[in-house]
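Number of protein chains: 2
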Amino acid sequence: MGARLGGVTRTYHHGNLRDALLARAEEQLATDGVDGISLRSLARDLGVSHAAPARHFRDKQALLDALALVGFRRLDDGLARAVTEAGGAFDDRLRGLGRAYARFAIAHPRLLEVMYAGKHHPEASAELLAVARRGLGLVADAVDTGQRAGAVRDGDPDHLALLLFAAVHGVAQLATGDLLDGEPAADLLDDLLETCLRGLAAPTPAG
Amino acid sequence: MGARLGGVTRTYHHGNLRDALLARAEEQLATDGVDGISLRSLARDLGVSHAAPARHFRDKQALLDALALVGFRRLDDGLARAVTEAGGAFDDRLRGLGRAYARFAIAHPRLLEVMYAGKHHPEASAELLAVARRGLGLVADAVDTGQRAGAVRDGDPDHLALLLFAAVHGVAQLATGDLLDGEPAADLLDDLLETCLRGLAAPTPAG
DNA sequence: TACCCATGTTGTCAACGACAACATGGGCGC
DNA sequence: GCGCCCATGTTGTCGTTGACAACATGGGTA
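Heads up: the protein sequence lines correspond to chains A and B, in order.
Residue 9 is where the first sequence starts when you use the numbering used here, and the numbers rise one by one after that.
Residue 9 is where the second sequence starts when you use the numbering used here, and the numbers rise one by one after that.
Careful, some of the hints might be misleading.
Any copy will do: because identical chains look the same in the list, a pair fits if it lies in one copy or spans two.
List time: in silico SDA-like cross-link candidates among lysine to any residue, alpha-carbon distance up to 20 angstroms [unchecked claim]:
{"#": "1", "residue 1": "K127", "residue 2": "R52"}
{"#": "2", "residue 1": "K127", "residue 2": "H116"}
{"#": "3", "residue 1": "K127", "residue 2": "D199"}
{"#": "4", "residue 1": "K127", "residue 2": "I114"}
{"#": "5", "residue 1": "K68", "residue 2": "A31"}
{"#": "6", "residue 1": "K127", "residue 2": "A157"}
{"#": "7", "residue 1": "K68", "residue 2": "E35"}
{"#": "8", "residue 1": "K68", "residue 2": "L187"}
{"#": "9", "residue 1": "K127", "residue 2": "A115"}
{"#": "10", "residue 1": "K127", "residue 2": "A60"}
{"#": "11", "residue 1": "K68", "residue 2": "S57"}
{"#": "12", "residue 1": "K68", "residue 2": "P165"}
{"#": "13", "residue 1": "K127", "residue 2": "L25"}
{"#": "14", "residue 1": "K127", "residue 2": "L188"}
{"#": "15", "residue 1": "K127", "residue 2": "E202"}
{"#": "16", "residue 1": "K68", "residue 2": "A134"}
{"#": "17", "residue 1": "K127", "residue 2": "D189"}
{"#": "18", "residue 1": "K127", "residue 2": "G96"}
{"#": "19", "residue 1": "K127", "residue 2": "D53"}
{"#": "20", "residue 1": "K68", "residue 2": "A132"}
{"#": "21", "residue 1": "K68", "residue 2": "H58"}
In short, the hints are calculated from the structure, not lab data.
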């Protein structure tokens, strides 16, 4: 088969309906929010019958779960890139990670919402958690580097990473909810990051 | 009228349907999540017709907005209580505020979700923002106190308050989303709070 | 006393998620 | 090279829901 529609080779009827659904769902999500997504409207948009999506996602929730997974993967990519671009200094890496997270949140607020929605199916939850943890690992690595250099106070790197992550996540949440009183998210984030870095600094040897 | 049902005086048919709807909606929210709330099921539970709720909430969203308002008011009460119980020291006040916030978040995770959902009607948004800002004011007051005592670094108290709020909010979000790896939320919160307080400390006069 | 409006009711509609029964055609085993 | 099977897609249907319109009622007030 494979009809040409709009320059893109479509191989529906035995092809890539699943990906097409995800792509269209993400568009819909960005413009109309989670409630704007309906399996039936997705099917209509893609020219398939209303029951076709069920072959790929047993549930509406299953589709949202898949969307969340896409989001986490993309987020992870962004974080990984931030690390490589940040050079070796642990604090620059942490700053880069924080900014990358905020950038993602502001660029894809609705997607972030789906990613952190507590409604995922149990199986999906496990997978999502695993991917989320990968991002956290990048933070922990940077913290560990800081500790080895004697610049960061002692403590379980994972714990400290979670702490930093929570702070950045909080800013991102407020930013996407437009609860910042017009304060630029970047400013608040930088300030919070510096504050935390200062708070996490190893005690300077007395004298 | 006023029929006695279950020991509570009900004056439906000219009485308190609105409050009853809110109360029942909050129960439903706690047990089944936002999607578990349907205007029709609420009406059924309260023994009124399916269209009765529309007299009090033009929309399903309007009901959720009202629920959010209830939540913010209750949160504000908790925060205010925390301040009075914390004594005069600014840092104790901040700790008390942070813990009160986390306590609320963990006790009412779904409600918090509704409170921060970005879908509110515009009129409701304004009111919600006003109430939310009131809580933030308590934080700013404590920061201001710390600054006057020379213990907190310079800077707009509202800005610093927002910074602290974001951090605490982040922890609360992760906690309600069960994303803490089993780490007790209280521990993480305390740790983050201490870190931020340390980071916000005024530079000690050289020497 | 009579009217009006707040509140509640019945009826209806379109959209949706979910499910069941059925169709089809491509790839794989033989 | 042929035919069968299953992945994928279709049609049909059901119950639920939110929203709206037209109608009922009764309490407070002019």
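Hints and how they fare:
1. K127 to R52: So K127 and R52 fail the 20 angstroms test inside a copy (26 angstroms) and across (25 angstroms) alike.
2. K127 to H116: both (19 angstroms within a copy, 16 angstroms between copies)
3. K127 to D199: The answer is neither: 33 angstroms in one copy and 29 angstroms across copies each exceed 20 angstroms.
4. K127 to I114: For K127 and I114, the Cα distance is within 20 angstroms only across copies (16 angstroms; inside one copy 22 angstroms).
5. K68 to A31: Classified as within; 15 angstroms inside a copy, 29 angstroms across copies.
6. K127 to A157: neither (41 angstroms within a copy, 46 angstroms between copies)
7. K68 to E35: within (16 angstroms within a copy, 25 angstroms between copies)
8. K68 to L187: Classified as neither; 30 angstroms inside a copy, 23 angstroms across copies.
9. K127 to A115: Only across copies: K127 and A115 sit 18 angstroms apart there, 23 angstroms inside one copy, limit 20 angstroms.
10. K127 to A60: neither (23 angstroms within a copy, 30 angstroms between copies)
11. K68 to S57: Within. Shortest intra-copy distance 15 angstroms satisfies the 20 angstroms Cα cut-off; inter-copy 30 angstroms does not.
12. K68 to P165: neither (38 angstroms within a copy, 45 angstroms between copies)
13. K127 to L25: Close neither inside one copy (24 angstroms) nor across copies (30 angstroms); limit 20 angstroms.
14. K127 to L188: between (27 angstroms within a copy, 17 angstroms between copies)
15. K127 to E202: Neither. Shortest intra-copy (34 angstroms) and inter-copy (32 angstroms) distances fail the 20 angstroms Cα cut-off.
16. K68 to A134: within (18 angstroms within a copy, 32 angstroms between copies)
17. K127 to D189: between (30 angstroms within a copy, 18 angstroms between copies)
18. K127 to G96: neither (38 angstroms within a copy, 42 angstroms between copies)
19. K127 to D53: neither (26 angstroms within a copy, 24 angstroms between copies)
20. K68 to A132: within (13 angstroms within a copy, 29 angstroms between copies)
21. K68 to H58: So K68 and H58 pass the 20 angstroms test inside one copy only (13 angstroms; across, 26 angstroms).
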